[in-house]
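> As a plain string of letters, each chain reads:
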Amino acid sequence: MDDLEIIAEKIVNQAKPGEQIEAFVAWDEETSIRVYNAAIENLSKSQSSGVGIRVINNHRQGFAWAGTLDPAAIDFALSEARDNASFATEDEYLGLGSPDNFSPKNLDLWRDELASHPTEEKVTLALDLEARVKNLDKRIKSVESANYGDVSSIAAVLTNTGMHANYRQTFSFIAAHAIAVDNDETQTGGGYSVGRTLSELDPDKAASDASMRATRLLGASKPASAKMTVLFDPQVTTTLLAIIAGILSGEMVLKGRSLFAGRMDEQVASGVISLVDDPTNPSAFGASIYDAEGYPSRSTSLITNGVLQGFLYDTYSARRAGVSTTASAVRGGFSSTPGVGARALFLSPGLKNQPELITSIDNGVLVQSISGVHSGVNPISGDFSVGAEGLLIRSGSLGRPVKEFTIASSLQRILQEVVAVGNDVDWIPSIAAGVSLVVEGISVSGT
Amino acid sequence: MISPEVIHKVLASAVSRGGEFAEIFIEDKQSSSASFDDGKVEELSSGISKGAGIRVVVGDTTGFAHTADLSEPGLLAAAEAARSVALSADSNARPIVLDSAVSYRLPDEILIPSSIGKREKIELLEHMNQVARSSSGSIKQVSAGFGDSYRKILVANTDGIFATDEQVRTRISVSVVAFGDTGMQTGYETAAFTMGYEMFNEIDIEELAKLASERAVRKLSARPAPSGTLPVVLKGGSGGILFHEACGHGLEADHIIKDSSVYKGKIGELVASPLITLVDDGTVGKQWGSAQIDDEGKPSQRNVLIKDGVLTDYMWDGLRARKSNRSSSGNGRRQSYQHLPMVRMTNTYLLEGDEKPETIIENTKHGVYVARLGGGQVNTATGDFVFGMTEAYLIENGEITEPLRDANLIGNGPEVLKNIDAVADDFSITPGTCGKDGQSVPVGCGQATVRITGVTIGGTANG
Chain X
158 MDDLEIIAEK IVNQAKPGEQ IEAFVAWDEE TSIRVYNAAI ENLSKSQSSG VGIRVINNHR
218 QGFAWAGTLD PAAIDFALSE ARDNASFATE DEYLGLGSPD NFSPKNLDLW RDELASHPTE
278 EKVTLALDLE ARVKNLDKRI KSVESANYGD VSSIAAVLTN TGMHANYRQT FSFIAAHAIA
338 VDNDETQTGG GYSVGRTLSE LDPDKAASDA SMRATRLLGA SKPASAKMTV LFDPQVTTTL
398 LAIIAGILSG EMVLKGRSLF AGRMDEQVAS GVISLVDDPT NPSAFGASIY DAEGYPSRST
458 SLITNGVLQG FLYDTYSARR AGVSTTASAV RGGFSSTPGV GARALFLSPG LKNQPELITS
518 IDNGVLVQSI SGVHSGVNPI SGDFSVGAEG LLIRSGSLGR PVKEFTIASS LQRILQEVVA
578 VGNDVDWIPS IAAGVSLVVE GISVSGT
Chain E
61 MISPEVIHKV LASAVSRGGE FAEIFIEDKQ SSSASFDDGK VEELSSGISK GAGIRVVVGD
121 TTGFAHTADL SEPGLLAAAE AARSVALSAD SNARPIVLDS AVSYRLPDEI LIPSSIGKRE
181 KIELLEHMNQ VARSSSGSIK QVSAGFGDSY RKILVANTDG IFATDEQVRT RISVSVVAFG
241 DTGMQTGYET AAFTMGYEMF NEIDIEELAK LASERAVRKL SARPAPSGTL PVVLKGGSGG
301 ILFHEACGHG LEADHIIKDS SVYKGKIGEL VASPLITLVD DGTVGKQWGS AQIDDEGKPS
361 QRNVLIKDGV LTDYMWDGLR ARKSNRSSSG NGRRQSYQHL PMVRMTNTYL LEGDEKPETI
421 IENTKHGVYV ARLGGGQVNT ATGDFVFGMT EAYLIENGEI TEPLRDANLI GNGPEVLKNI
481 DAVADDFSIT PGTCGKDGQS VPVGCGQATV RITGVTIGGT ANG
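Protein chains in written order, with the working numbering: chain X, 158 to 604; chain E, 61 to 523.
These aren't lab readings, by the way, just hints derived from the structure by calculation. Just to be clear, a hint being listed does not mean it is correct.
To be verified - List time: in silico DSS-like cross-link candidates among lysine-lysine, alpha-carbon distance up to 27 Å:
1) Lys212/E <-> Lys89/E
2) Lys202/X <-> Lys69/E
3) Lys383/E <-> Lys202/X
4) Lys69/E <-> Lys89/E
5) Lys326/E <-> Lys298/X
6) Lys379/X <-> Lys326/E
7) Lys362/X <-> Lys318/E
8) Lys318/E <-> Lys298/X
Unchecked claim - One-sided and incomplete, this derived list gives chain X residues near chain E with beta-carbon spacing under 10 Å:
9) Ser206
10) Thr225
11) Glu237
12) Ser302
13) Lys560
To be verified - Covered stretches of chain X, as calculated for chain E (at least 3 residues, CB under 8 Å):
14) 189 to 199
15) 336 to 348
16) 410 to 423
17) 536 to 545
18) 594 to 604
Note that the coordinates shown come from a computational prediction; the quantities given were computed from them, not determined experimentally. Using N, Cα and C, we set each Cβ at its ideal position, and we do this for glycine too.
Model the full structure from these sequences, guided by the hints.
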């Protein structure tokens, strides 16, 4: 057992008769480097750790956390969690989980190699990225930020009901944000590459994406308002799927906040949509051997050929809904309790790449980025309205760049009006994979 | 928290390999929250976090490290990590003189969170749940949340600053779901202040619950928002998000220094309608973005950014001020000891004008009245920004008529600021959370009712 498990075990061993205790103990080490104008702007290297304790007593739950592994702070958290439980409402479905018969898949999410790279090498990677972006196009006036970052994290979850899981993963990325200027006009664009260690990063792709995305918007103006076909770039699809994840939460269904409540086995999306959540896919950023409550991860079919097949559940929501957990407990860190969430949504790809999809669109717009998702998308009502920028599509070809417009529809309609999914799956660092998506009947508001 | 001798030693170590500036920021924060959802007290949570962030500035480079180990060896280890960016071994050790401590204490009237029983806090939530549900039969779900924090900070740096402050913040919110023939709709209200539990002597939680419910119920009969450009009247209060996004972020000195703001080089120029005087003010009352000092130890101040439409100044933190040879404007803030400070807004607001809000509406023939905004986002380099309406109505022939479904509005900062043709006298401030570069800080946004002559509304109905 490693140190974190020993700490967790000490906590759960303090359970009194009739009391259930879960200890989540986490440690991570992060490096973060930002360069600007061929010099380091900031460099940070730090470790942090903490513990989150859940206590359930007489079907009442309490929680407390501490941002340290200091024994006195842990004692404080345990006594606060106990005290907090005494104020909660009794709920017969509350209770920690116990092991089921799924076996954990052996996923390789940790690279020993990451620790072997000196900080200087990481700095060089960021400096090199900035230089690459600047050299790609003379209209790139500056790179607002070029970053390198990595994190190695270890965690353990133990309960006195038999759950016992540990997690270990590394993650590394580079990202650049380019500023293109032409005739007094400024446009920006970003590019990045992610992996589990330095050798998995692709600086060429990060640099060319940043340059291409900024420069191709030069000359952009507002499009005329109209209903048209929209082609979402993979990154935009990722954002859309991350919102849809909320509708597919079993907890939201139970609490009357899901558009899909009561629609099992119905056609909720176009026939080209087949969606699974599969955190056992090691390519996914959200892959993990166990969920946040310690259940072995598994793949869950959510929508098949447009038909709603299932929802995501953690221990509590599964028990309340009378189904089995889908091992979909997620947590934001040691300072929050687990809740239901997707980790690796994956849309079954189609046959065409993005250029081929473009040739099939007569009048539309390629949306390369969206803004205002928090303020403009309501996953409960389904209202969808976001800022967008991209390129017009005319008679099967990319046309002039457009910006400062919105695209609007509803989540329900968007799902029904998907006419094609691309084959360009991109494992973006999010809870969903990106892929090009063609959606009809979207209101574009510009001039 | 930590003795001045140890602080001195840590700062000396931080600059021992060179560097013109070093700082230690110590934070000790206790927070608690309670949530009521689905008819139940769902969760009470308590947390503690304590640690130090140390930074060393060498030329254009900042080295940073943080630690939860506040022992002398722990702090010295963090200082060593932070100074790793300083490559020269020569110590140009200049003496560090820490000013006699400037300590800010909590005002006497503050009721600190731990002095109030948990039961009492839960009762507030239960009450809001009850009020929200009983206000309409269409309300099918209610969640309510309470949160408070008690944060003690110490900032010391090689420029001699040695300051401590205590900050207490309290917030409450309610979120409802209404159900009808047209599906589900939501309503949300919140109150948040840099105050303790005495905040509940000043706010009306029943009112919050009713407002949230009414908003959701009204939207059940809402029609889709128009698609296209129309005049927009923004009600006083949450409309301050417009200014936060349209120019606030663009006036942060870090964006200016990096050429990533449309407002660069515009000091002294007319950047907005002459009706616009915009202020960022960390000292205003007990608003959500207020504090006695910023997270670099600089006392908060009131900064006029735009006066009668003319750009007068940007917002500055210590690092950017140093580069530009001026003093900080008290806008150096950070989410926690684990983060580097950067230029952030506090409470950003538009000074009120002298028109009556009713007159502005009456004088608008056809447009949209936005009673509540939900949030927004801006690209400071291009000035393009969005902000979302969560309660809005059509204006037809000078009268507020039908409710509209939620949508975003999109515009370009400098253009929208010039297109404001009316400012009323009904000023108020609303709390919000501002995200930048992965860090969240509490802010206030304020304005009186204003009219924009034309802005693009991102709905689905033909305008």
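> Indicate, hint by hint, whether the structure satisfies it.
Verification of the hints:
The suggested pairing of Lys212/E with Lys89/E holds, with an alpha-carbon distance near 6 Å, which does not exceed 27 Å. The straight-line distance between the Cα atoms of Lys202/X and Lys69/E is roughly 21 Å, inside the 27 Å bound, and the hint therefore holds. Distance hint between Lys383/E and Lys202/X is fulfilled; the C-alpha atoms sit about 24 Å from each other, no more than 27 Å. Of the pairs offered as hints, the one joining Lys69/E and Lys89/E holds, with about 24 Å between alpha carbons and a cut-off of 27 Å not exceeded.
For the suggested pair Lys326/E and Lys298/X, the alpha carbons sit about 19 Å apart, so the restraint of at most 27 Å is met. In summary, the hint linking Lys379/X to Lys326/E is supported, as the alpha carbons are separated by about 25 Å, within the 27 Å threshold. Our distance criterion of 27 Å between C-alpha atoms is met by Lys362/X and Lys318/E, whose separation comes to about 24 Å. At roughly 11 Å between alpha-carbon atoms, Lys318/E and Lys298/X fall within 27 Å of each other, so this suggested pair holds.
Hint status for Ser206/X relative to chain E: holds, with the closest Cβ pair at about 7 Å, below 10 Å. Look at Thr225/X: its Cβ gets to within about 4 Å of chain E, closer than 10 Å, so that hint holds up. For Glu237/X, the shortest C-beta to C-beta distance to chain E is roughly 4 Å, which falls under 10 Å, so the interface hint holds. Among the interface hints, the one on Ser302/X holds; its C-beta lies about 8 Å from the nearest C-beta in chain E, closer than the 10 Å criterion.
With a least beta-carbon distance of about 6 Å to chain E, the hint placing Lys560/X at the interface is held under the 10 Å criterion. Restraint check on the stretch 189 to 199 of chain X versus chain E: 6 residues with Cβ-Cβ distances below 8 Å, three needed, restraint holds. Counting residues of the stretch 336 to 348 of chain X whose CB lies closer than 8 Å to any CB of chain E gives 4, so the stated coverage by that chain holds, three being the minimum. Taking a C-beta to C-beta cut-off of 8 Å, the stretch 410 to 423 of chain X contributes 5 residues in contact with chain E, enough for the three needed, and the coverage statement holds.
Counting residues of the stretch 536 to 545 of chain X whose CB lies closer than 8 Å to any CB of chain E gives 7, which reaches the minimum of 3, so the coverage claim holds. With a cut-off of 8 Å between beta carbons, the stretch 594 to 604 of chain X has 5 residues touching chain E; three or more are needed, and the interface restraint holds.
In summary, the structure agrees with every hint in the numbered list given earlier.
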